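Produce the entire structure from the sequences given, and follow the hints as far as they go.
Chains as they are written, first to last, in our numbering: chain A, 141 to 264; chain B, 5 to 288.
There may be inaccurate statements among the hints.
[As the list claims (entries may be wrong)] Computed footprint of chain B on chain A; a stretch qualifies when at least three of its residues, placed anywhere within it, have a C-beta under 8 Å from a C-beta of chain B:
#1 190-199
#2 220-228
#3 233-243
[Stated by the list, open to error] Under the rule of at most 16 Å between Cα atoms (straight-line distance), these lysine to aspartate or glutamate pairs were calculated in the EDC-like manner:
#4 B/Lys269 with B/Glu235
#5 A/Lys244 with B/Glu22
#6 A/Lys244 with A/Glu227
#7 B/Lys269 with A/Glu234
#8 B/Lys214 with B/Asp40
#9 B/Lys214 with A/Glu175
#10 A/Lys172 with B/Glu22
#11 A/Lys172 with A/Glu158
#12 B/Lys214 with B/Glu194
#13 B/Lys78 with B/Asp50
#14 A/Lys143 with A/Asp187
#15 B/Lys163 with B/Asp192
#16 A/Lys172 with A/Asp152
#17 B/Lys214 with A/Asp197
#18 B/Lys133 with B/Asp101
[Said to hold, decoys possible] So the derived label-pair ranges between C-beta atoms look like this:
#19 B/His176 with A/Ser163: 49 to 59 Å
#20 B/Glu140 with A/Pro245: 34 to 44 Å
#21 B/Arg41 with A/Gly165: 32 to 42 Å
#22 A/Gly209 with B/Thr152: 12 to 22 Å
#23 B/Ile120 with A/Pro245: 14 to 24 Å
#24 B/Leu110 with A/Ser163: 51 to 61 Å
#25 B/Glu19 with A/Lys262: 36 to 46 Å
#26 B/Ile120 with A/Phe182: 31 to 41 Å
#27 A/Gln176 with B/Phe164: 29 to 39 Å
#28 B/Arg41 with A/Phe182: 19 to 29 Å
These are computed hints drawn from the structure, not numbers from a lab.
Given the structure is predicted, the values throughout are model-derived calculations rather than measurements.
For each residue, glycine too, the CB sits at the ideal point set by N, CA and C.
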Amino acid sequence: MAKILYIEDIQDNITLVEKIVTSRGHEFLYAKNAEQGLELAFNSTPDLILLDLGLPDADGQTLSVWLRGNPALENIPIIVLTAWPEEVVQHTVEAYNLNGYLCKPFNMRDLLQIIDKTLGAKAL
Amino acid sequence: MTIELIPAERFSMQELTELYNQTRVDYLVPMPMNADRLAEYVHDFDIDLAHSCVARTTDGQPLGLSMLGVRREKAWITRLGVLPASRRTGAGSALMDFMFAGATSLGLKETDLEVIKNNTPAYNLFLSKGFTETSEYLVMRRAPHPITNPLQGIVSWLKFDEALAILQSYPHHITWINAYESMRNSPDFEGLRIELPNGGAGWLVYRNTKYTLRSTLSHLIIHTEHGNPQEVGAQLLLNLHNHYPHHDTYAENIFQGDPHLSAFKILGYFANFSRIEMRRPFTV
Numbered sequence: 141m142a143k144i145l146y147i148e149d150i151q152d153n154i155t156l157v158e159k160i161v162t163s164r165g166h167e168f169l170y171a172k173n174a175e176q177g178l179e180l181a182f183n184s185t186p187d188l189i190l191l192d193l194g195l196p197d198a199d200g201q202t203l204s205v206w207l208r209g210n211p212a213l214e215n216i217p218i219i220v221l222t223a224w225p226e227e228v229v230q231h232t233v234e235a236y237n238l239n240g241y242l243c244k245p246f247n248m249r250d251l252l253q254i255i256d257k258t259l260g261a262k263a264l
Numbered sequence: 005m006t007i008e009l010i011p012a013e014r015f016s017m018q019e020l021t022e023l024y025n026q027t028r029v030d031y032l033v034p035m036p037m038n039a040d041r042l043a044e045y046v047h048d049f050d051i052d053l054a055h056s057c058v059a060r061t062t063d064g065q066p067l068g069l070s071m072l073g074v075r076r077e078k079a080w081i082t083r084l085g086v087l088p089a090s091r092r093t094g095a096g097s098a099l100m101d102f103m104f105a106g107a108t109s110l111g112l113k114e115t116d117l118e119v120i121k122n123n124t125p126a127y128n129l130f131l132s133k134g135f136t137e138t139s140e141y142l143v144m145r146r147a148p149h150p151i152t153n154p155l156q157g158i159v160s161w162l163k164f165d166e167a168l169a170i171l172q173s174y175p176h177h178i179t180w181i182n183a184y185e186s187m188r189n190s191p192d193f194e195g196l197r198i199e200l201p202n203g204g205a206g207w208l209v210y211r212n213t214k215y216t217l218r219s220t221l222s223h224l225i226i227h228t229e230h231g232n233p234q235e236v237g238a239q240l241l242l243n244l245h246n247h248y249p250h251h252d253t254y255a256e257n258i259f260q261g262d263p264h265l266s267a268f269k270i271l272g273y274f275a276n277f278s279r280i281e282m283r284r285p286f287t288v
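Structure representation (structure tokens):
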């Protein structure tokens, strides 16, 4: 099982993703802004980060630069969960060297699939 | 439904932030804020909270808000939003009427605003209120990555006062957020000027915002004084990103017809979304 950090400012989305992630037995952590997310990533070293692009202090792209710029965190896979247009998200994932994306609205199966694919053996 | 319109100055920054974020929750590009960022926005863009407005029901339920920037004889409408459940109730129209009345009382001549392209309900509201399109702008991003292209030319780095002085010479229209006054209000404004071996010359000004942990470049404006804009623009951007190799970059409101667009693309910028600028004179 894996430790998964979700960085997202909307509580309804956090509640939904928490249900999905914990149903598979993963440990679930969340932060509601970029600075808390960075701090929690430092302190807990998650196996995977699920990242919203629209955050109230610094957006998801900027946060991903902070995460990727730190040697202790640079290899943690990051999956973007966003309602942004898919074409923009594709560019973002490629340019910011992220590991994948899921466009909202998504269902439980889609989220679990991308988590399993990204985590590989750690998902078991 | 009876709508009450209350000047935004009667609310705390935290209350305004929470309301603003609720209005944007389902937007194409939500761009939520925290109270510090909204306070910075109010300061940098000369938002007049006395003439900005919160709409609510008579029993105190918030419906939406809108803000009015004021500079000399011009106004700028921004942050306009209505809660998803309160749309099509006339709240957006009432908010705009409040700001028109305020702008008229201040003797302002015209107002600008920007709407995200494909936000059709907002666009139609603005059309119905007498706005017409002026230009279309791109909002672009660039992730930090190493510069491999050769650098050319003689570069002079411009401090705050020098960057402001050179921006005053810009011969084209600039949207509100990139205008001289916005940069003057921002302590992190700087720039560079370049002279190329072939006689090309130009400048680039920008904000270098220091977050707690890392800085971000934004509000870029490029001008070519002599030579090929693509070549001058590319060398300005190459020097900028070589100087700040770890900075994330956010270039807002780059005119669709800007001759430096190809330079941005060469440097790895990609479009996030487009904004349409609209204008309404108050004499109509």
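Non-conforming hints, listed in increasing numerical order: 5 and 20
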